[in-house]
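Trainee: With chain Y fixed as given, assemble chain H onto it according to the hints.
Residues per chain are reported as follows:
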Amino acid sequence: MPGPHDIGGQILGSIDRSEHVPTDTERTVDAMQMLMGASGRKTYRIDEMRRAIESLSPEDYANFAYYNKWARAMSVLVVEKGILTESEISDRISSIRAEGMDNVGAKAGS
Amino acid sequence: MTEEHDHSGNPPQPDEDRLAATEFEILERALRELLIEKGVFTADDIRIAVEAMDRKDPANGSKVVAHAWVDDAYRARLLDDSKAAIEELGIDVGPAPNLVVLENTATLQHVVVCTLCSCYPRTLLGMPPSWYKSREYRGRVVVEPRAVLREFGTELADDVEIKVVDSTADMRYLVLPARPDGTDGLSEAELADLVTRDSLIGVTQPNAPSGG
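Residue numbers (this note's numbering), protein chains in the order written: chain Y, 1 to 110; chain H, 1 to 212.
With the rest of the complex left out, here is chain Y:
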């Protein structure tokens, strides 16, 4: 059965051609991926990154924004590779929530 990413050939709606300048958070996720991936530490291969993205549920694959899918995939891969544990990630997410949202959102380059 094809995964949710296998959409070539589907007749979907019109293409939204508006330009989107990547946000600081999006650029930071991209940078982290580069640092982890083929041009960096080679923690995991690009194929592993794709498999993690393609393993998202069809709903999440359709609804998550592009870099949100990357961040989800990275969080799966760093656990698989034994770099972080699931509880380390969920504990940190809880403490960031508890602290409030004021400091959320990367300031790229700062």
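There could be a bad hint or two in this list.
[Stated by the list, open to error] Below, a sample of chain Y positions facing chain H; criterion: calculated Cβ distance under 10 angstroms:
id, residue
1, G13
2, S14
3, M34
4, L56
5, I83
6, R92
7, S95
I should point out that these hints are in silico values taken from the structure, not numbers from a laboratory.
Even glycine gets a Cβ: it sits at the ideal position worked out from N, Cα and C.
Mentor: Showing chain H alone in chain Y's frame:
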């Protein structure tokens, strides 16, 4: 609902888009902090990588095309061994093992897509535009390229063949558009200014020379 008028004791609820964005920002911050603490990379590494990303834009691709337009021998080398010819100009082609330049003519138009994800020659074109990564473009361009190109304002005559090429992590493509008419007197730099990002993906043609 403003904060003053909310007596429920709950913080004001962000709208759904904002909520999803915030979840993403929290996950990003959690991963960034933890990976820095584990010594996987430093905050400086991230800053340097972001700055390197910001420096990449379609100008590299335009430079390659303009050079191929003015130098027939270079064009032949570019079509024969694209990676080596691009490196000749001092441009880093990046980690993808292979990159192929495809030449458009009066009767052949190449269009690039990555149906499965978002593979893109970033070192030559910068970050991919959102539409390139969209489900609509990825799904449709392989079955109805003429209709898709029309949405980009590109009308091709019926006798123009369209070849859609599907990129992979190991194989990226760059389109060499046909040189526009009326550009005989232009310098290489002026020619490069006519080459747009979208024309290097194949969904549009280069700009026409102005005031010619």
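Trainee: The structure should be examined with respect to each hint, and the outcome stated for every one.
Mentor: Going through the hints against the structure:
1. G13: 5 angstroms, holds
2. S14: This hint holds: Y/S14 lies near chain H, its Cβ roughly 6 angstroms from the closest one there, short of 10 angstroms.
3. M34: 5 angstroms, holds
4. L56: 12 angstroms, violated
5. I83: 6 angstroms, holds
6. R92: At about 4 angstroms, which falls below the 10 angstroms cut-off, the nearest Cβ of chain H leaves the hint on Y/R92 intact, so it holds.
7. S95: 9 angstroms, holds
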